[in-house]
Each structure stands twice: as C-alpha cells, then as structure tokens.
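Protein chains: 4
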Amino acid sequence: MSVFWLPVRVYLEDTDAQGVVYNAGFVRFMERARTDWLRERGVDHRAFDETLGLSLVLTSIEARFKAPGKLGDILAVSADLLEIKGARAVFVQEVRRDSSGGELLVEGRAEVACVDSANGRARRWPAEFVKELNR
Amino acid sequence: MSVFWLPVRVYLEDTDAQGVVYNAGFVRFMERARTDWLRERGVDHRAFDETLGLSLVLTSIEARFKAPGKLGDILAVSADLLEIKGARAVFVQEVRRDSSGGELLVEGRAEVACVDSANGRARRWPAEFVKELNR
Amino acid sequence: MSVFWLPVRVYLEDTDAQGVVYNAGFVRFMERARTDWLRERGVDHRAFDETLGLSLVLTSIEARFKAPGKLGDILAVSADLLEIKGARAVFVQEVRRDSSGGELLVEGRAEVACVDSANGRARRWPAEFVKELNR
Amino acid sequence: MSVFWLPVRVYLEDTDAQGVVYNAGFVRFMERARTDWLRERGVDHRAFDETLGLSLVLTSIEARFKAPGKLGDILAVSADLLEIKGARAVFVQEVRRDSSGGELLVEGRAEVACVDSANGRARRWPAEFVKELNR
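Residue numbers (the working numbering), protein chains in the order written: chain P, 46 to 180; chain B, 46 to 180; chain H, 46 to 180; chain Y, 46 to 180.
Check each hint, because a few of them may be wrong.
The list makes no distinction among identical chains, and a pair is therefore deemed to hold if it is satisfied within one copy or across any two copies.
[Stated by the list, open to error] Computed list of lysine-lysine pairs in DSBU-like fashion (alpha-carbon distance at most 30 Å, straight line): (1) Lys130 with Lys176; (2) Lys111 with Lys176; (3) Lys130 with Lys115; (4) Lys115 with Lys176.
What the hints contain is simulated information worked out from the structure, not anything from laboratory work.
Note that this is a predicted model, so its numbers are computed, not measured.
Produce the complete structure using the sequences and hints provided.
In structure tokens, the structure reads:
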C-alpha cells in the first residue's frame, strides 16, 4: 500500500464567509484523492459501473479540522488504503498545506462500499481488483 | 403567467471568502425556484423522467449580479415563465433581499429544454403541461 | 435540550451521477440544521462575530450513510446538543426521509468550537449563551 | 491577448442525478480558469486585496450549454480577455472535452469588476496590471 497525494488548488468556490476552506469542501477534496487513487489502480467509477454493474458508495466519513485552508493555497490531499475486506474498503486521508510535508490541516477516514449498481446491495470487491489495490 | 417567489436562507455553504454569496450559489438558487415553480404545476423532475421518459436540461443561463447576498440573509428568488414553445421554455428570474419587494441582487434568464432522457434529443413539451404552465 | 428538525428539499444541485444525494451534500444539510438550531437560541454567525468578535468553526464531523436521499425528496435534518463545555459544543444529528419519524438516511456527530474571530484561538462559549443552549 | 486552457477533471461532486456535470459546476470551472489566467499575470485574489485593497467581483455571467460533461472526463476550460476598460474586464470562455480541440460543451462570457474591498465601489483596474493583462 502506498500513500497517494493529490495537489488541489483552493478557489473562491471552496471558501466561505469565514475566509477559509468550507468544511464540506475538504470532504470533496478527500473524495477527489480517493477517486484518483482508485483510477490509478484501474478502478474508474464509470467503467466499474458499465462493465461490472458495480458502484462505489461512501458509507462513512470522518474528518478532524486542525487548521484552515486559504484562498489560493495549493493543498496536498492523501489517500491511503487501510483495509479492504468483503464489500468494504477503508481509507485514511490527510490534507496538508503546500505538499505532503506541509502543515496538517485535516485528518480523515472514509469507508467505501462496493455495491450492485442495480439494487444497491453490498457486493465483494472483485478479487482481481483487491490484489491490485493491496499492492 | 404568475411570478413565483421562493424564500432561500443563506448558509455558510453559500458564501465565499469575499464574505458574500458565491456567484454559482445564486445560479443554484435560481434553479431551486424554477424547480419549485414547475413542481407546483405538476412537472416534477423525477416523475417526468419515470412516467414520460423526459428530462429538463438547462441550455443557457444569464445572471447580472447587482448587489451582494450576505450570510444569514433570507432571499426571495423568483421564477416567471416568459415563453414556452417547442422544446424550449424561457424563464426570467430575480433574487431580492428579504422579500419580493426588497433590494434587487440578481437579474437572470434561463432556458430549459425538454429532452428525451434516453438520447438527449429535443422533444416538444407535452401539450397538457404547456397549457398548465401557461396559465 | 431538545431535538430540532429542519425540512430540506433535495434539488438537482444536491445530487450526483449515482442518482442520489452527494455525500458532501448531507454534510452541508447537517450544518444548515446546526445553524438554525443555534439561531433559534440567539446565536447568529454574523451577529456573534460583529458584536462579540467570536466565530464558530467546525472542528470535526462524522457521518454514517445508511440509505440514499433522492431528487425531490423532503428530508428532515436534526440537530441536538450533546454537550457544551469550554470552547467546545458537540452535536448529534440525523437525516431522515420525509419527517422525524421517517427512514434513517444519515447519522452524524459534529464538534463546533468557539474561537476568537481575530486570531482563531479557542474561547469559552459566553456563559449567557451556554445557559440558553442547554435549556 | 492569449487564450488560456485549464484542464479540469470531473469528479462525482461536479455531477448531478441526470448523470452529467451540473450547470453550476460549469460556472465554477469557468471561474477557476479566469482565476488562473489572472494569477499567471500577477493578479492573485488574496494578494490583490492585501496589498491594494482591491477585490475582483463577478458582475455578470452567461453560459450556453451545448453538450454534457461526464463523470471522469478531463475538460479543457478557457479564459480569454476580450476587453478591459475602467473597472470592467470582459472574458470569453469555453469548455471543451479532452482538450482545446475537443467537442464544445459550453460557451460563456463573464464580466469582472475591480472594486474597493472596503466599500464595494468600482475602481479602475490599476494601470500596471492593465498593461500586463492586455499583453
């Protein structure tokens, strides 16, 4: 398992009247990082659905906001797979200022379930992907 | 044709680091008003799709921002049908502070097309709805 | 302490390509409910800042997504104060379909800190508000 | 004057229940491109405010939606200065699929005013920037 860092620029759309990144903005950034982490390993939302009839849905999110992000900042957003078992994948994530070595802004955890696109029922992550995701 | 006014509260999510409602926030508010205007006349996005196989898609939007919306404000957002013809419906809209008689914040115009949900092709608005929408 | 329920309509802006309410949308809805709960008890973001120089910032959020919200749904979003002590207030929250007795969609928890608007340092919630919030 | 193209990845947050990029998402993408175009020419929102006491505010937006953006797409979003005069700068913009030569999804136009951050009054764009922006 390897940590992935996505650079994210903070635009006006991401900020709020307190002058900093709005909390749900960080939640969106965390999903961008998970999405790109998965895509790099061959799991693309659209292809997953079209070829396997499977969707990935967020089943839980936790985020602790330690320091504010500011307009114009470049942030580094990580995604790291903690565990994948059955239908469930657990990610730990961070948001840091500037780069992976920068100030810690957010610590988070996300659980993503693999489900049948047609009926929403939990389905095991396909074995060929589990191997790739665990690398 | 009658003007419809939707009250909209401004939350932190709607604001940006300039301390005011973010421009795309007003665009979202305008759609809320069009959606509720249509729903009151029997056109519900989900039902329209499920029963008729039709979707409503925004084909153009214009907005002129005259004055800022602020955190905690109650805004009044209007939707008024200017014209409906063929596949196309044109709305004029306003956002005002407090109520329909309040300070003008935004003037806008939106064109909505009726399309086939399956292939995205333009389709005439069903005649029974045109009559109702023109009332 | 009393549970507060805010009705929230699901618009197109709140949904995603999976056809349901996007996860960060629920996070936004939860803040709307906390904001209105606080406003009913005399704590208004803008007034709090202007008169006391204090801001309320989200320091952590947790949400477990149990069932999907759909386009056009009316949701009921709760906010209930679990604890307020020092600079910290803890809320438990739910999102249910239709009303407070409807299907549970989301369970969450939010911690909000009272901080000095000028420097971001933690400040005790003013005693007069603690009393009101604990009622 | 030169056209600037910003690559933008479409994430789940940008889509809606119609399975495509939500209209206000395109409005956000257009602002990202204007912001980066300006930053490349020395105009940074935050620095502009802190050093000159000036803010840039969107005074009007127009967008015509020609074709849908899809989940996972890479879009190319342009910003091109049409005119800058007094307090006003006018941009023409496009969103295309894949790259600057790809399918046209959106055509737009945005007017941005330079205002005094303290009172919101229109102020001439500083001459040294006008020269740079017109290059």
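Hint check:
1. Lys130 with Lys176: within (11 Å within a copy, 47 Å between copies)
2. Lys111 with Lys176: between (34 Å within a copy, 28 Å between copies)
3. Lys130 with Lys115: between (37 Å within a copy, 28 Å between copies)
4. Lys115 with Lys176: between (38 Å within a copy, 28 Å between copies)
Violated hints are absent here; each numbered hint is respected by the structure.
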